[in-house]
Amino acid sequence: MAERRARRFLDPKVVARLSRQPIGTRLPMIGTVAGLHKSPHRGSSVEFAEYRKYVPGDDIRRLDWRVYARTDRFYIKEFEADTNLRCYLVLDCSGSMGFTGAGENKLDYARRMISTLAYLFIQQGDAAGLMCAGEKVIHDIPAKRNPAHLQAIFDTIEELEARGETALIPTLHQFAEKIRQRALVLIFSDFFCPVAPLLDCLQHLRFQKHDVVLFHLMDRFELDFPFDRPMRFLDLESPEMLLAEPAIIRQQYLRALNQHLQELRQGCMRFSIELRPAVTDQNYEEVLGEFLLARALKTK
Amino acid sequence: MTFLEPVLLWGLPLAALPIIIHLFNRLRHRTMHWAAMMFLLAATRKSTRYAKLRQWLVLAMRVLALCALIFAISRPLAGGWVGWMLHPAPDAIVMVLDRSASMEARMPGGSTSKRQEAVRLLAEAAKGYEETSRLILFDSALRQPQEVGDAMSLPQLAATAPTDTAADMPALLQTVADWLSRNKPGQVEIWIASDLQSSSWHPDSTRWPAVAAQLAALPQTARIRLLALDQPAQTESAAIAVAEVNRRYRSDPPEVDLVLDLERNNPTPSTRSLTFVSEGSRSTLDLQVQGQSFRYRHKITLDSPTAIGWGRVELQADNNPRDNVAYYVYGPPVPLKSAVVATDEIVGRILKLAAAPIPADTNRQAEIITPEQASQIPLSGYSLLLWAAPPPKDETAKKLRAFVEEGGSLLVWAAGENGSLFGLSLGDVETAEPEKFWKIGKWEEKEGPLAKTDEGLSLPLNELAIFRRQALRGEGTVLAGFEDNGPCLIQRALGRGRLLICASSPHPEWSNLREGLVLVPLVQRLISDGGRRFTQADLLECGATLPVEAGTTILPVEGGRDARLQAGVYRLGQRLIAVNRPAAEADLETLEPAKARTLFEPVKIQLFTEQKQGESKLQSELWRTFLFIMVAFLLVEAMLILPPKTEAERLKVKV
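Which chain is which? The protein sequence lines are D and P, in order. In terms of the working numbering, the first sequence is residues 1 to 300. In terms of the working numbering, the second sequence is residues 1001 to 1655.
Don't take each hint at face value.
[Claimed, not checked] List of simulated lysine to aspartate or glutamate pairs, DMTMM-like, C-alpha gap at most 20 Å:
1. P:K1452 <-> P:D1529
2. P:K1393 <-> P:E1417
3. P:K1046 <-> D:E263
4. P:K1446 <-> P:D1261
5. P:K1052 <-> D:D228
6. P:K1337 <-> P:E1417
7. P:K1595 <-> P:D1150
8. P:K1299 <-> P:D1318
9. P:K1127 <-> P:D1150
10. P:K1052 <-> P:E1509
11. P:K1046 <-> D:D235
12. P:K1046 <-> D:E285
13. P:K1046 <-> D:D224
14. P:K1439 <-> P:D1428
15. P:K1436 <-> P:D1529
Treat the hints as calculated values from the structure; they're not laboratory data.
So here's chain D without its partners, still in its complex pose:
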């Protein structure tokens, strides 16, 4: 039943199309098993890495006898190690993610992306975990590569509701402290929070050597503010209410939004964080396709 519900956000056709493209990382990952991703350690893959001098204790089976025959010196031949990655999908479940304007509900849009990505990661042997942040951490599913683990992720996603104020920033700090091993962290949020503290926690994540990607979800109404008659705006995260004449405040609104986006864009650039804007009236497959393609190009 749960699997059937979960498939509400998982389109097999989209998965089939996207699975042709493996998901890579920009940074070496430290995994527990062999996988598709580059590791900082030497391993037993077919790809030659380097020669180094023999030191006592090294496995003599890895001595390169041909080099010894030529030079009368002992050298160890080392190869690259391929490993799997841990991917953490962080979803903002605050009230603002429940906004529905010109396109799909932002939370639903994020759920589609997360379901698809989780499936793709586990399919290629990587571990996927889920963290949902509302006013506090609602769900924290550790990263596992067991295909049965997908069910837990799908069930959790299904139950989510957008509610309350955002606690994304403390959640990310908490995450950075907790997950010390390198991981790919994908954050899905509208980032309607002050930019400076947000950048602090992103810097924190980068400090822990995580590869961080922000999926910035916005609605077309939020970008264009296309209202022409008086509106009463009810805040989705608080009981606050505002009666406004759109014609008067539109310019200032757009100015403030632009400034916010620009600061976020510059901050991400500064900390080598990938920012992926997504407007909910766009097809999420396109957004994911572009993301995967960019990753593949960078990995090569």
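Chain D is already provided as a structure; the job is to place chain P on it using the hints.
Below, chain P alone, put in the same frame as chain D:
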């Protein structure tokens, strides 16, 4: 404030519609759950004063545009509303009405006359000022101030009734300026309504600068508004006038010659029907007329040489009914006297005979006087003075000049002495060679004393033989010239009369003029011209001073009731007089409004033109102005609504 459609002003509350819609919209706001509240709050905080001010300005522009529209369709009149809006109500309003006969022409597209339309507009404009301003009316016929209590009673006042008079606008405005200087009524507005007829305005008159200077020198500023009703007639219009009534000299049966002038606005040849009404009998004549000005002589046969009577000539109805009737009277023949001043007895006798060919005829009298007598006796009773003596000087010359300017004719003959008179001079004597003489080469046959006869026969000037002559010099019209191009007879107009000077003399040693074939018609015509002030004394122009002696009453016989203002036939004791509209009133020339404006400089005037009856330019100018204002408000509103393009582009959010 005066509006032609005041009911529409009840629509003014509709101007509040934009505010009501704005408030209604605010009440009908949509509710929306919103995520990006942080930007909204920031925008509300930062929303500048200008944005709010702009919002209110947009509302104000919409309200004002609606107000302007409602005012435009309410058709405000300039005299009332704009005057009130732009200036405080004046202490006095002086209405100057041109009541000349030309103002009786109908307004284009209507049946009312220009005078009626002017009075209506003045009344409507003045209505709004009844409470605050004194209203004084000056009209061109009486030139007397008249206080007006009720503006709407203007059309009923006698001072606004039609007249057959001419208008003298400089004199009228001089009267107004004098009245203003004398009475000092405070802030004053002068409203002038006229058809700008040139003959009434005398634009070249030297009186204008004095009038303008006097108005400019008033202690308070005088504002002038000129309502110009100068539209030409849209249909064909003609005016009839009796120029002269002449008894034919010694005709049998006795006849009266009526000289009629027909002025038309259409020069194409056409047939006009003239109706003659005389002593109750009526006859109609179809007349082929050509050109704009046409002169026609009509003969009326009388029962007796001393018959007295009156009559009128009528044209069929047209654009101006006032100029379709002309009156005439005739009485017994008037004796015309001539004086011959001659130093030579033969010349004196010849000239006396030419002036009074039949000694028994009492209607033509001539006497011979000496130059000394001429300087002593009064000349005003003479029609013609024949001067065959050395040119007069000093006092005698002055006296002769006064005689000519009064209307008399003076013919000076060469007498063998050099001299000059009023700019014309006689030079040295020339004598033709034996058996030879000078001949007249050309002369003025169309008009003047040497013109052809009524039957079209030329005077035999080509048969004249001049044996002796004196050279003529000076500015004047050459009526006859010698074959060698020297002038023989020169004419110069002086005042109402004329001076002629001849290079030769009727003396047998000088010429063959004594034969009389040229001399007698010439002299007789000059007598008629010089005697016109006696023979035409009963033809008066309306508005002119009447020759009323003390104790004599004026009784209307035909036509008008008031001889000062209305054309008609009147009886003064035993005498009949015909009072007619002044001939200048038929003049079609009007003053350019811009020229009228310059006449009042340095006083500024506001000019309005009335194009059509019922489509008052006064009001149309204003509704156009209000429509223009409305468009201006809407343009400002549009500019306020649109954000600057660069700003809009810059604010477009890119993701």
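Each hint, compared with the structure:
Among the hinted pairs, P:K1452 with P:D1529 is consistent with the structure: their alpha-carbon atoms are about 16 Å apart, no more than 20 Å. For the hint linking P:K1393 to P:E1417, the alpha-carbon distance of about 13 Å falls within 20 Å, and the restraint holds. For the hint pairing P:K1046 with D:E263, the CA-to-CA distance comes to about 19 Å; that is within 20 Å, so the pair holds. Taking the CA atoms of P:K1446 and P:D1261, the gap is about 17 Å. The hint holds against a cut of 20 Å.
The suggested pairing of P:K1052 with D:D228 holds, with an alpha-carbon distance near 15 Å, which does not exceed 20 Å. Distance restraint check for P:K1337 and P:E1417: the Cα-Cα separation of roughly 27 Å exceeds the 20 Å cut-off, and the hinted pair is therefore not satisfied. The straight-line distance between the Cα atoms of P:K1595 and P:D1150 is roughly 33 Å, outside the 20 Å bound, and the hint therefore fails. Proximity of P:K1299 to P:D1318 is assessed by CA-CA distance (about 26 Å); at most 20 Å being required, the pair is judged violated.
Simply put, P:K1127 and P:D1150 have alpha-carbon atoms about 8 Å apart, close enough for the 20 Å limit, and the pair holds. The suggested pairing of P:K1052 with P:E1509 is violated, with an alpha-carbon distance near 110 Å, which exceeds 20 Å. For the hint pairing P:K1046 with D:D235, the CA-to-CA distance comes to about 19 Å; that is within 20 Å, so the pair holds. Taking the CA atoms of P:K1046 and D:E285, the gap is near 39 Å; set against the 20 Å cutoff, the hint is violated.
Distance hint between P:K1046 and D:D224 is fulfilled; the C-alpha atoms sit about 18 Å from each other, no more than 20 Å. With a C-alpha separation of about 19 Å, the suggested pairing of P:K1439 with P:D1428 holds against the 20 Å cut-off. The hinted pair formed by P:K1436 and P:D1529 fails the criterion: a straight-line CA distance of about 35 Å is larger than 20 Å.
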